[in-house]
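Asker: Let the sequences and hints guide you as you build the complete structure.
2 protein chains.
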Amino acid sequence: MQRARVLIRNKPGVFDPQGKVVHSGLRRLGHESVQDVRVGKVIDLRFASGSPDELRARIERMCSEFLVNPVIEDYTIQFLDEE
Amino acid sequence: MQRARVLIRNKPGVFDPQGKVVHSGLRRLGHESVQDVRVGKVIDLRFASGSPDELRARIERMCSEFLVNPVIEDYTIQFLDEE
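Respectively, the protein sequence lines represent chains A and B. Mapping of the first sequence onto the numbering used here: position 24 corresponds to residue 1392, and the numbering continues sequentially without gaps. Mapping of the second sequence onto the numbering used here: position 6 corresponds to residue 1374, and the numbering continues sequentially without gaps.
A portion of the hints provided could be inaccurate.
The list cannot tell twin chains apart, which means a pair is met if one copy fits it or any two copies do.
Claimed, not checked - Below, simulated SDA-like cross-link-like pairs (lysine to any residue); rule was C-alpha separation at most 25 Å, straight line:
#	residue 1	residue 2
1	K1388	L1448
2	K1409	V1439
3	K1388	S1417
4	K1388	R1414
5	K1379	S1419
These are calculated hints, taken from the structure and not from any lab test. Please read all numbers here as calculations on a predicted model, not as lab measurements.
Answerer: Put into structure tokens, the structure is as follows:
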């Protein structure tokens, strides 16, 4: 079994309204030390098998076809064997 | 500057409708090798300063006060100095 994680965030420079809302909520609760907040999605995928290279290629295809909007979003792929 | 990441997912056993939708979408596109999908939130926080221990305590307070619904969600905290 292989597990992979895709982290999807708005690109730097793209407005992140969720992050702004969370940031102002935290400040209102007294957490003034927070300087910036960005909110994104995490998608954990489980596969029966596959080498990391093979899975990375497969996941990149999933991201470009379906999971990620390449105009406004960036993504990173991590493998979770170590967890 | 310190950066920390909070990953928030539904607890195991709590229904994850977003994950189900993504999973069935991927299968419809031919990605049959995906066995399971879980979708969650990632919140990246930036602080001006603070030791990891101090920040961890502060972030745990933010999670219990505001960011996380402890009835249905789990979270993990990571520090991003290494990125």
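Asker: Take the hints in turn and mark each one as holding or not.
Answerer: Structure-based check of all given hints:
1. For the identical chains of this complex, K1388 and L1448 are inter-copy neighbours only, at 20 Å across copies versus 30 Å inside a copy, given an alpha-carbon limit of 25 Å.
2. In this assembly of identical chains, the alpha carbons of K1409 and V1439 lie at most 25 Å apart whether taken from the same copy (16 Å) or from different copies (20 Å).
3. Taking identical chains as interchangeable, the C-alpha atoms of K1388 and S1417 lie at most 25 Å apart only when they sit on different chains, with a minimum of 20 Å there against 39 Å within one chain.
4. Taking the closest pair of Cα atoms, K1388 and R1414 come within 25 Å of each other only across two copies (13 Å); inside a single copy the shortest separation is 32 Å, beyond that limit.
5. Proximity of K1379 to S1419 under the C-alpha cut-off of 25 Å is found in neither arrangement, the shortest distances being 29 Å within a copy and 28 Å between copies.
In the structure shown, a violation is registered for the earlier hint numbered 5 alone.
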